[in-house]
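Turn these sequences into a full structure, and let the hints guide you.
Same order as they appear, the protein sequences are chains U and Z.
Here the numbering used here is used: position 21 in the first sequence is 32, and no number is missing along the way.
Here the numbering used here is used: position 21 in the second sequence is 24, and no number is missing along the way.
The set of hints was computed from the structure by calculation and includes no laboratory data.
Treat the hints with care, since some could be wrong.
As the list claims (entries may be wrong) - So, partial list: chain U residues that the calculated Cβ filter (under 7 Å) puts toward chain Z: (1) L54; (2) P72; (3) E90; (4) P94; (5) F101; (6) G109; (7) T111; (8) F114; (9) G115.
Yeah, the Cβ is synthetic: ideal placement off N, Cα and C, and Gly gets one too.
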Amino acid sequence: EAAVTQSPRNKVAVTGGKVTLSCNQTNNHNNMYWYRQDTGHGLRLIHYSYGAGSTEKGDIPDGYKASRPSQENFSLILELATPSQTSVYFCASGQSSGNTLYFGEGSRLIVV
Amino acid sequence: AQSVTQPDARVTVSEGASLQLRCKYSYSATPYLFWYVQYPRQGLQMLLKYYSGDPVVQGVNGFEAEFSKSDSSFHLRKASVHWSDSAVYFCAVSAGNNNRIFFGDGTQLVVKP
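Okay, structure coming up:
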């Protein structure tokens, strides 16, 4: 079974600080995604990637950067964290748009 | 543009009762359609998916969904719910070559004992 591992699982950051959320997948999927989940908004796509070296903007990319240094790893970077970025972040991987997405267990970020 | 609408934010049913969670999508062609479930403090897991063929697709744990092209819908059903089915259910749609997957806002299912 595909495994997607996120770290850290919980993080408290200060406003203006830098936060990096990491995601690792072991199923050799081409596509990886970062979503945030907030009450009343469901899942919103921040960035995604087709493969190593590629990153694409999703629906709410402002304030976030992404990095895909390898097939297995996809990071979400908040250069200057703000309280509005307090949320639960999910990483997912999938082979293509018609295939199952496999999700990590989420990273809970609180920005104070 | 593709979109997914789940009109019910929360559904409450009694254990043993039947269930239908509604999903409507917007897309010009037939997309890939999915239902995912999220248990508390976990990531999402796929229940079932549809692309073509029999409009009724079976998923895990007794769930099924029916595709309707005329209605642009993909409703999720279960004949008899169990308390352990309490979770948030997401409908999702994907199409085209851009590998984008769009999720609805989710429906919170509460199963009363």
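Here is what the structure says about each hint:
1. The interface hint given for U/L54 is met, as the beta carbon of that residue sits about 4 Å from the closest beta carbon of chain Z, less than 7 Å.
2. Using the Cβ-Cβ criterion of 7 Å, the hint placing U/P72 at the interface with chain Z is not satisfied: the shortest such distance is roughly 13 Å.
3. The closest approach between the C-beta of U/E90 and any C-beta of chain Z is roughly 25 Å, which is over the 7 Å cut-off, so the hint fails.
4. For U/P94, the shortest C-beta to C-beta distance to chain Z is roughly 22 Å, which exceeds 7 Å, and the interface hint is violated.
5. Hint status for U/F101 relative to chain Z: holds, with the closest Cβ pair at about 6 Å, below 7 Å.
6. Using the Cβ-Cβ criterion of 7 Å, the hint placing U/G109 at the interface with chain Z is satisfied: the shortest such distance is roughly 4 Å.
7. Satisfaction of the interface hint for U/T111 is found here, the shortest Cβ-Cβ separation to chain Z being roughly 5 Å, below the 7 Å cut-off.
8. The beta carbon of U/F114 is positioned within 7 Å of a beta carbon in chain Z (closest approach about 3 Å), and the interface hint is therefore held.
9. Proximity of U/G115 to chain Z holds as hinted, the smallest CB-CB distance being about 5 Å (cut-off 7 Å).
Hints 2, 3 and 4 from the earlier list are contradicted by this structure; the remaining hints agree with it.
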